[in-house]
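If you read the protein sequences in the order shown, they are chains A and B.
Counting in this note's numbering, the first sequence runs from 1 upward without gaps.
Counting in this note's numbering, the second sequence runs from 1 upward without gaps.
Hints listed in this document are in silico derivations from the structure and should not be mistaken for laboratory results.
Wrong hints could be hidden among the right ones.
One copy or two, it doesn't matter: identical chains are merged, so the pair holds either way.
To be verified - Calculated pairs, SDA-like style, for lysine to any residue (alpha carbon to alpha carbon, straight line, at most 20 Å):
1. K96 with G228
2. K141 with K176
3. K176 with L138
4. K46 with V22
5. K226 with V73
6. K141 with I173
7. K237 with E29
8. K140 with Y177
9. K176 with V229
10. K36 with G180
11. K48 with K141
12. K140 with D150
13. K36 with G54
Number of protein chains: 2
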Amino acid sequence: MGKLYVVGIGPGGYENMTLRAVKVIENSEIIVGYTKYIEMIKDLIKNKEVISTGMRAEVERCKKALELSKDHVVSIVSTGDPGIYGMAGLILEMRKDEDVEVIPGLTASSAAASIVGAPLMHDNCNISLSDLMTPYELIKKRIELAASGDFVISLYNPKSKGRPHYLKECIDIVKKYRKGDTPIAVVKNALREGQEHKLFTLDSFDDSVVDMMSVVIIGNSNSYIKDGVFITPRGYKIPQ
Amino acid sequence: MGKLYVVGIGPGGYENMTLRAVKVIENSEIIVGYTKYIEMIKDLIKNKEVISTGMRAEVERCKKALELSKDHVVSIVSTGDPGIYGMAGLILEMRKDEDVEVIPGLTASSAAASIVGAPLMHDNCNISLSDLMTPYELIKKRIELAASGDFVISLYNPKSKGRPHYLKECIDIVKKYRKGDTPIAVVKNALREGQEHKLFTLDSFDDSVVDMMSVVIIGNSNSYIKDGVFITPRGYKIPQ
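Isolated chain A (complex conformation) (with noise of 0.2 Å):
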């Protein structure tokens, strides 16, 4: 009898994975994943067998996972959570009669977060800039309804060749619910190889520093930058 662990490895480096996704990594026979992802924790597999593929190949990865899950322990890997825009619903979807377990990793909007402050303290919600499954009308008016209702937004995906533009004109929506010294951050490769960050106001936001390796995080109505740190305030009382 297999076994299919859909696991987040968080971020993509090896010291924001759980302790139960390196276990159930090492404990599997097969390793699936995207080619990148697998870069990733190459030092966490040597001696197993590994099949990788490239991007936009996510229904072809999930079938294989689950037809050799049938008769081996198979890991299918991804960054981040599996559970937030990640393979555990198409995994889900596909199944058949294949035992399956989710092992959550850190999502990205938790992993930029941690990097530039406290931002996410308050209702916040994640909304993904791809088009690629999503009507662009729907997306818009999700970050208009974020917006107006005073979010902490967390943009996935936020920019990519095929639409340069989209970001800019979500921040425009924004705008119109919240101050031009609203904090946004962006960060790049949170928590891995090669992390940048970035702090911008609505009205300084300059849109070319990001790309889809990056997550934008937009402030709430009392968000603000103290000493270079990002913070969306709990709403605790602080004796001065």
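Following the hints, put chain B in place on chain A, whose structure we already have.
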């Protein structure tokens, strides 16, 4: 020179901590935290100085941790991700010139989601129903906007003795926007001792099983239950 780590231990079970969180705690001289969280990591902090305080002593606890961090390496620990409804914000708000680093952990919605399937696969938001620091009118407004934007909704602090009817009222708001067969998951003590979960629909929802240790996840208009698993499709085309 001391240092203060604001450490998320994740759901509470040792194996869902990150390697980095374990290492940082092991390397700290003093551990500060709410009594209940300290208990969860007791095997990790034998022979360390431990300062535990009761519930709602957040400001006092953070003040103490900051003070001690001037001359010692200190970890202030909490469950989940300290950057999401945790202690990172308060610490950074109160900080003067202390050296502070936030160590992210698995947040409750990720942990809960992994147990019931893949409910958070699309745009989603976290809303706390605690009105200790947020007016209930604003909470209800956020529920309404999130429901109308078809976000998957994770409710933190869904119920307490002082506000037993909030959850039901919020579910009633969601009902105005979603079909009666929309899945709802209640997950109690996700990925720690005492774990329990139950799936409902908007129509069958029974709030009597919910307590303060639960997270409630409400699906979007495409979410469904398949063989006891809660799935929100990301939108991939699956060959039949």
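Here is what the structure says about each hint:
Only between protomers do K96 and G228 lie at most 20 Å apart by alpha-carbon distance; the minimum there is 13 Å, versus 50 Å within a single protomer. In the homo-oligomer, the alpha carbons of K141 and K176 lie at most 20 Å apart both inside one protomer (13 Å) and across protomers (18 Å), since each shortest distance falls under that limit. Taking the shortest Cα distances, K176 and L138 sit within 20 Å of each other both inside one copy (18 Å) and across copies (19 Å). Taking the closest pair of Cα atoms, K46 and V22 come within 20 Å of each other only inside a single copy of the chain (13 Å); across copies the shortest separation is 24 Å, beyond that limit.
In this homomeric assembly, K226 and V73 never come within 20 Å of each other (Cα to Cα): the closest approach is 49 Å inside a single copy and 23 Å across copies. Taking CA atoms no more than 20 Å apart as the test, K141 paired with I173 passes in both settings, with 9 Å inside one copy and 19 Å between copies. For a Cα distance limit of 20 Å, the shortest separation of K237 from E29 qualifies neither inside one copy, at 53 Å, nor across copies, at 29 Å. In this homomeric assembly, K140 and Y177 come within 20 Å of each other (Cα to Cα) both inside a single copy, at 14 Å, and across copies, at 18 Å.
For a Cα distance limit of 20 Å, the shortest separation of K176 from V229 qualifies neither inside one copy, at 25 Å, nor across copies, at 40 Å. For the homomeric pair K36 and G180, neither the shortest alpha-carbon distance inside one copy (38 Å) nor that between copies (41 Å) is at most 20 Å. Neither within a single protomer nor between protomers do K48 and K141 lie at most 20 Å apart by alpha-carbon distance, with minima of 45 Å and 51 Å respectively. Taking identical chains as interchangeable, the C-alpha atoms of K140 and D150 lie at most 20 Å apart whether they share a chain (15 Å) or sit on different chains (12 Å).
Taking identical chains as interchangeable, the C-alpha atoms of K36 and G54 lie at most 20 Å apart only when both belong to the same chain, with a minimum of 8 Å there against 45 Å between chains.
Against the hints set out earlier in the document, violations occur for numbers 5, 7, 9, 10 and 11.
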